[in-house]
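Can you build the whole structure from these sequences, using the hints too?
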Amino acid sequence: MARSVIYWIFAICLLMGGLLIAISLAETVPNAAGIAHPRFPGMQVGGDGAARLQFIGGYAFLFQSLLLVLIVALTILGVSQRYRSVEFMAYMATSLAFMLVVWWQMYSGHQHFLLTGETDYFMGFPVATAWQVYGTWLGAIPLILVYSLGFRKFIYTAEDEAAFQALLAEHKQSEH
Amino acid sequence: MEAFRQEIIVGAVVAYMLFCVLTGLWAMKRTHSSSDFFIAGRGLGPIVVALALFSSTLSGFGFVGGPGLVYSIGVSSFWMVVISSTGYAIGFFLVAKRIRMIAELRDCLSLPDIVAARYGSEAVRFLIAITIVLGVMGYLATQILAMAVVMQAILSGTETFANIGLVTCVVISSAVLIFYCVTGGIIASVYTDVVQGAIMMVAGTLILLTAMSVFEGGMQEATSIILADDSEAIMPFGAAGVMASLGWFFVFGLGLAGQPHLITKMMMNKNMSDSRSILPMSLFGYVMAALLWISIGVVMRAAVIDGAIEPLSLPDDAASVFLSVFANPLLAGVVFAGLFAAIMSTSDAFLNIGTAAIIHDIPKAIWGRSVNNELLWARIVTVLLAIVAASFALYSHFRDATLVALLGAFGWGTFAASIFPVVAVGLNWRGATVAGAVTAISAALAINFIVQLAGIALPYGISGPLVAFVTSMILFIGVSLVTRKPDLPEDMERLLEI
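Heads up: the protein sequence lines correspond to chains A and B, in order.
Its first residue numbered 1, the first sequence is counted upward by one per residue in the working numbering.
Its first residue numbered 1, the second sequence is counted upward by one per residue in the working numbering.
No incorrect hints appear here.
Okay, the calculated bits of chain A under chain B, using three or more residues with CB under 8 Å as the criterion:
| id | region |
| --- | --- |
| 1 | 56-65 |
| 2 | 163-175 |
Partial chain A-side listing against chain B, Cβ under 10 Å, derived:
| id | residue |
| --- | --- |
| 3 | A32 |
| 4 | Q44 |
| 5 | R52 |
| 6 | L68 |
| 7 | Q132 |
| 8 | L138 |
| 9 | I141 |
| 10 | I144 |
Hints in this document: simulated from the structure, not taken from any laboratory.
Since the model is a prediction, treat every value here as computed from it, not as a measurement.
Note that CB positions come from ideal geometry on N, CA and C, so glycine has one too.
Below you can see the structure in the form of structure tokens.
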């Protein structure tokens, strides 16, 4: 993947486009995108959650999973090819695994609620929503750590700085 | 203290606006050239850039439309917020280093300057500049409208200004905005952003604490009330459903790296390596300030369902009603100042990039050179742009009162789909071609506008910006792969290797 990342990105985008088409063509459910609240104007309700996911739940799960892979692939694209070492790719794999776990916990937690009608709470929110609120926010922290702590190793090394300064100097000289 | 609630709030807002005016006057002395006016001479420190970056991200859409969206559709709109960490990470990995390097190497003043240097194409410059102008009109109008709505809510609570009209509020708030943007350009903008960012962080934190005390059982009681009324509203996909939610994750997450008013700020830091500290600082600030979006929305929805307060006439009233009902007057004063800070910090960024597109980039793309006396024209066009956007805001408001949230999302989506592939991917992939860029921008603009203007509703809440974004990514890479690689100048080839 380190060498052919643009092709991976292209393939993921094609698959996501295909999934959007499949979802658009799937059997529709009335009010799948919400309906006006019966008592309070300006509010919407979601209604039957199981029915809304009946025909597209699998597609939606796959869509988000692909999006998380796309995020990591784009992150890899943002790092020069010579710095896409085994160590860097291992960090990326760990980041992806972390984000996929958060997504799986959120999705399966919602499914569990739809089946049982029961949920625990974590820090103010139903568990599935807590995974969304806290988990998604924290999901990208590994990427941020790699950027900040690995800046001089993967993003802009001393050699990069020297090469850029040399380029700037040559550019200024040629202008004069 | 309660008896002086309105006076305290008005006092806080007036003090904040005076600060903006004084900052404008101070910055005017430091603005000697168009480079100072547009990119602060690339001399800003990491804290200034970090605060400017996050305060420009969280706009009036976040402070007014955000709580309104949670009130209206529940957790669905959380997806626009929780993606911020991923969005910032992607933005820094893909854009921060390269845009800063190109800006220094080619002495670029604007994002269209950057793409023109990268692709060696005036057509790409022109399309990006047009995209910016179109997006700025919608987005700036949203900000000005939000600012006027908040001001009207504040002033109408006083005896003297009880019957103040929206048009008057648009004039007053725009006048302050225009003054400091015209006098001090981006220098005034970023330094007001610093204070604005600090106010927003304090406001977000205090609001969370207040929101948690509205119900005896804290946030859990609020979410339990919503769950009992409609479980989907407080489950991860909210009332709007799974595809609307995931669409926002995509458009708001990846799209952050395609927002010109944000990525332009990545050109302004003095040292390249400051990016490593700017990223976590920006994210921390954003998360603190965004607590307001989530906590007000959840509590207001629960309070209305529970019968604690009357139903809102408009979802966008959620923040102002929360502050008038639940917040201590001093806190309300700080938060209302924070609201203005959020709105103005984004508005000044839009005025700046819109002006640059009009006086610098479009003339360059058409005639090969910018206008004479850029600094003078920058000031004139800033005024004109604000007046046109304010007129557009009033027109939109009187046609459809719920446009604040919708227009904000439209502006973000347009930028995301049109600019992300060309800039974020294109700056990191030498195989990107002019044909790929032109095709992607054109397709993204066409899809966004057709879906929005024709009112096309796609199944399962799939949004137009999502379709436009995925399509533009596919077209950008696909067309670039099948067209001939451009011969870039040697300096650009070497820069893309770094």
